[in-house]
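*Asks:* The task is simple: from the sequences and hints, build the whole structure.
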Amino acid sequence: MAKLNILPVPTFARLGVNYAERDITAFGRKDIAVPDGAEQHIIQNISSDSETNVAVGSGAKLKLVQVFDGRTRCAAILRTVLADNAEFELIQLYLGGDTVSEAVTELNGYKAAFTADIGYNIGNGGGLDLNIVSVHHGRRSTSDITAGGVLRENAVKTFKGTIDFKTGAAGAVGNEKEDVILMSGDVCNKTVPVILCAEEDVVGNHGATIGRIDESHIFYMKSRGIPEEKIYELITRSKLARVIGKIGDEQEEKRICSALGWGDELE
Amino acid sequence: MKEKTQVADINRSLYDFRYDEDESSFLNSGITPEIIREISAEKGDPEWMTEFRLHSLEIFGRMKMPEWGPSIEGLDLDNIVAYIRPKKRMQTDWSDVPDDVRETFEKLGIPQAERESLAGVGAQYDSELVYHNVRKEVAESGVVYTDLESAMHDDRYAEIIRSHFMKLVPPTDHKFAALHGAVWSGGSFVYVPKGVKLEIPLQSYFRLNARGAGQFEHTLIIVEDDAYLHFIEGCSAPKYYEASLHAGCVELYVGNNSTLRYSTIENWSKNMYNLNTKRAAVGENAKVEWVSGSFGSHISYLYPMSILNGRGARAEFTGITFAGEGQNLDTGAKIVHNAPDTSSYMNTRSISKSGGISTFRSSVVINGNAVGSKSAVSCESLMLDSKSRSDTIPTMVVKTDKADVGHEARIGRISDEAVFYLMSRGLDENSAKALIVSGFAENVSKELPLEYAVEMNNLINIEMKGSIG
Amino acid sequence: MGELLKITELRTAAENKEILHGVSLTVNEGETHVIMGPNGAGKSTLGAAIMGSPEYSVTGGTISFLGENITSEAPDKRAKRGIFLSFQNPVEIPGITLSSFLRSAYEQITGERIKLFAFKKLLNSAMEVLQMDAEYADRELNVGFSGGEKKKAEILQLLVLKPKLAILDETDSGLDVDAVKTVSAGIKAYKEQTGGSLLIITHNTKILEALSVDRTHVIADGRIAAEGGAELIDEISANGFEKFI
Chain A
1 MAKLNILPVP TFARLGVNYA ERDITAFGRK DIAVPDGAEQ HIIQNISSDS ETNVAVGSGA
61 KLKLVQVFDG RTRCAAILRT VLADNAEFEL IQLYLGGDTV SEAVTELNGY KAAFTADIGY
121 NIGNGGGLDL NIVSVHHGRR STSDITAGGV LRENAVKTFK GTIDFKTGAA GAVGNEKEDV
181 ILMSGDVCNK TVPVILCAEE DVVGNHGATI GRIDESHIFY MKSRGIPEEK IYELITRSKL
241 ARVIGKIGDE QEEKRICSAL GWGDELE
Chain B
1001 MKEKTQVADI NRSLYDFRYD EDESSFLNSG ITPEIIREIS AEKGDPEWMT EFRLHSLEIF
1061 GRMKMPEWGP SIEGLDLDNI VAYIRPKKRM QTDWSDVPDD VRETFEKLGI PQAERESLAG
1121 VGAQYDSELV YHNVRKEVAE SGVVYTDLES AMHDDRYAEI IRSHFMKLVP PTDHKFAALH
1181 GAVWSGGSFV YVPKGVKLEI PLQSYFRLNA RGAGQFEHTL IIVEDDAYLH FIEGCSAPKY
1241 YEASLHAGCV ELYVGNNSTL RYSTIENWSK NMYNLNTKRA AVGENAKVEW VSGSFGSHIS
1301 YLYPMSILNG RGARAEFTGI TFAGEGQNLD TGAKIVHNAP DTSSYMNTRS ISKSGGISTF
1361 RSSVVINGNA VGSKSAVSCE SLMLDSKSRS DTIPTMVVKT DKADVGHEAR IGRISDEAVF
1421 YLMSRGLDEN SAKALIVSGF AENVSKELPL EYAVEMNNLI NIEMKGSIG
Chain C
2001 MGELLKITEL RTAAENKEIL HGVSLTVNEG ETHVIMGPNG AGKSTLGAAI MGSPEYSVTG
2061 GTISFLGENI TSEAPDKRAK RGIFLSFQNP VEIPGITLSS FLRSAYEQIT GERIKLFAFK
2121 KLLNSAMEVL QMDAEYADRE LNVGFSGGEK KKAEILQLLV LKPKLAILDE TDSGLDVDAV
2181 KTVSAGIKAY KEQTGGSLLI ITHNTKILEA LSVDRTHVIA DGRIAAEGGA ELIDEISANG
2241 FEKFI
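Chains as they are written, first to last, in the working numbering: chain A, 1 to 267; chain B, 1001 to 1469; chain C, 2001 to 2245.
To be clear, the hints were calculated from the coordinates, so they are not data collected in a lab. The reader is advised that the hints may include incorrect statements.
[Stated by the list, open to error] Within a straight-line C-alpha distance of at most 35 Å, the following computed DSBU-like cross-link-like pairs (lysine-lysine) qualify:
1. K166(A) x K1270(B)
2. K230(A) x K2243(C)
3. K254(A) x K2115(C)
4. K1387(B) x K61(A)
5. K177(A) x K1446(B)
6. K230(A) x K1374(B)
7. K230(A) x K2017(C)
8. K2080(C) x K254(A)
9. K2115(C) x K230(A)
10. K246(A) x K2188(C)
11. K2150(C) x K1374(B)
12. K63(A) x K2121(C)
13. K230(A) x K2162(C)
14. K3(A) x K1399(B)
15. K254(A) x K2162(C)
16. K1064(B) x K3(A)
17. K254(A) x K2077(C)
18. K230(A) x K1399(B)
19. K2120(C) x K246(A)
20. K2162(C) x K246(A)
21. K177(A) x K2150(C)
22. K1374(B) x K2077(C)
23. K2120(C) x K254(A)
24. K177(A) x K2120(C)
25. K3(A) x K1446(B)
26. K2120(C) x K63(A)
27. K1402(B) x K246(A)
28. K2206(C) x K230(A)
[Stated by the list, open to error] Just so you have them, the derived chain A footprint on chain C, three or more residues with Cβ under 8 Å:
29. 2046-2054
30. 2085-2095
31. 2105-2114
The beta-carbon is built from N, C-alpha and C at its ideal position, and this holds for glycine as well.
*Replies:* Here is the structure:
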């Protein structure tokens, strides 16, 4: 068994969040290099164990969309290095399944920028172990990690998000946020939002909300005629639609919507 | 150019005075079954306790060191003196306490605080309590406040101690809990009967004077239903070059509809390894309130844990940690929601300066049966320079959909605008920063009785004093 | 005209404290009723109870709508029957856009699927009445809306959902003069388009100017203290509530 998704700094062992274990024979490998000043938009559909290595050059931009189709058990590793003024936008969608996924981004360059938008819908005994690590070396580098989704029947989900400010990353800003809606009494949600800081001149924020749908929200929506099961559906859909809408590729967006049984409309 | 404040090392002379100790009173250093038997015989333990100690030692031998948190390699357990024989039995009148010991506590202001604002005081010097007393009216209400050793030999309390001692924190909990079970000595036993609301606090003060020694006091507090208690714990030690070890244990039982507030200002010297374990079991509609200030120690592992066992039980944790030069303070709290409609609130601040490392580490666990529970965690960290380090490692585990859990944290520096604003009103840069840090610590200071809040602010001011370079 | 809403001896409580002590009133199809009364009298409680808010429990009496007893029915069922409450303080619901929320509600209430394009058209024409910027449709529901924007968004929903009975709880409170005008125009449009009934809870008589009021009820201390026609509004405007307390 290989240890994956290792939390950059271990915590209380009994919580079971320090690492995930998977039996992996081989990773499919892919290398992406975006040359200085170039701009790329790449969509990956991931359904088997995979490793992706990314380098984004000076002033280059990469939008990487990773869609985990949710029918398989797989592990994915994504390692990214960002040069000066590089912009990396990561969009991840987890539509069920049982996934271990890690994304480590090294913000080496001055003003390197990383944004991650992650949406998930886990149910039917599915699982998701996410380890998103943003390492700030570069001055005035920024990272913004937003994750959100819903957990249904027997879902087990761990979200580990780390912002690591190294000494010298003066002026860096890091934000991370996770909003989880729990829709069934037998789910298990673990959220570990870590900030590591060895530089004075930084600002880091993290927030998390985990729980049911607010009762006042339910009443408001019911008062407009929407029954409870539809409210859950609407919320699930909205959580995913927010991320799908950022894919920026109409064909892929339509493909996902119809795979989700939404017809071909995002809303 | 940005101006930086150079901050001098803490002036700890207030706490660093010390008296020479008579080494003939030391039991041999190291921890072996022979030493354990010797401690046990010296203390006149009942048989079950001797067995308990030996069993704990066995567990200690086979448990691993913690795999997370700051390094404790500098701690050589073979060189720690586990027990120091007291010069004199415990007294109930300060004038009967040996002169050097009494003077130590006089300097720390304990007898004065007792006269002015406390319902009872216990004072421990090295391994044993040297003084214990409660006000007459408090004793008459049925409140028991004494040392654990005498209570264990008192027929009225022997059974209750046996049935509660290290049941919340069993020796198997972690390696230093096992060590504690083997060598514990001193500490307090508090019993608050049903319906008794003690408006003024009780205080225990722990002073480790001896060089290269360990202090392993055990505090056991049982608050029956419908009662109230505020317990204050203070700790300090002079600085030596040898490592010292504090592996105390606090077990709190809070009965239904009762409130227990447990306040600590920890100011061990900076050669101390503070590996302390505190835990509370909270009954129906009862509440535990932890107020915790961590200023001293070389290394700290401290995460008071609240187990919310009764419906409607509540926990509140308010903490501040200030890590200066040479300090690595790993602090936080743990909360387990184990019954419906329970709630918890954690509010912490940490400050890192002059190469100090502070880590906020927490866990909130909402079990499947804890339907209707709520938890909110808020932590803020302040970095005063880039030699220092500040880490935030919270974990939330939620196993029911009928819960609401929120978490927010931020890390940053003192804002230049705030400093500028205060300087424009005539404060110098140091005073401005000290004022801002005191304000940052207000979450804790406003929860403390006035005299302790003043002491805490003094500690912050001492830490912040320095000259602009 | 037939009987639409009939409330009989309604008692409600929140946290074991009774707020309404037996209130009765009837609203017929097409009528406009006004509920006035001092702060804390129980006006908002009445509106919330008609909608079936979980905050209040009904401890006595009945609520019927079109002859059917709905006293213990779920709020979404009531909405499908044609009851609408414009909230005094609408909640902010992050993550869901106004448009997707309202489309879902529209489909539930009409029982028909509507294509996105057709719905947007319908929504835009309603937004025009309220002089709302089209970008509001894609904003998260009420999130970051000002007080006035929230009230407009409530009236927008009224215009799209076209209920048989609209309860407007202090829809005019906290609005500036222009916003009151816009909201009033929206209410008038609802009335003209549907011929529905209105139950207006208010302090202010401005919002009533464009409407012809059929009946006025004064609630004080959880009871109906006085009833009358439109003339009662003028009397209260002139003399206040003192004589009813």
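*Asks:* Taking each numbered hint in turn, which are not upheld by the structure, reported in ascending numerical order?
*Replies:* Hints 2, 10, 25 and 28 are the ones this structure does not satisfy, whereas the remaining hints hold.
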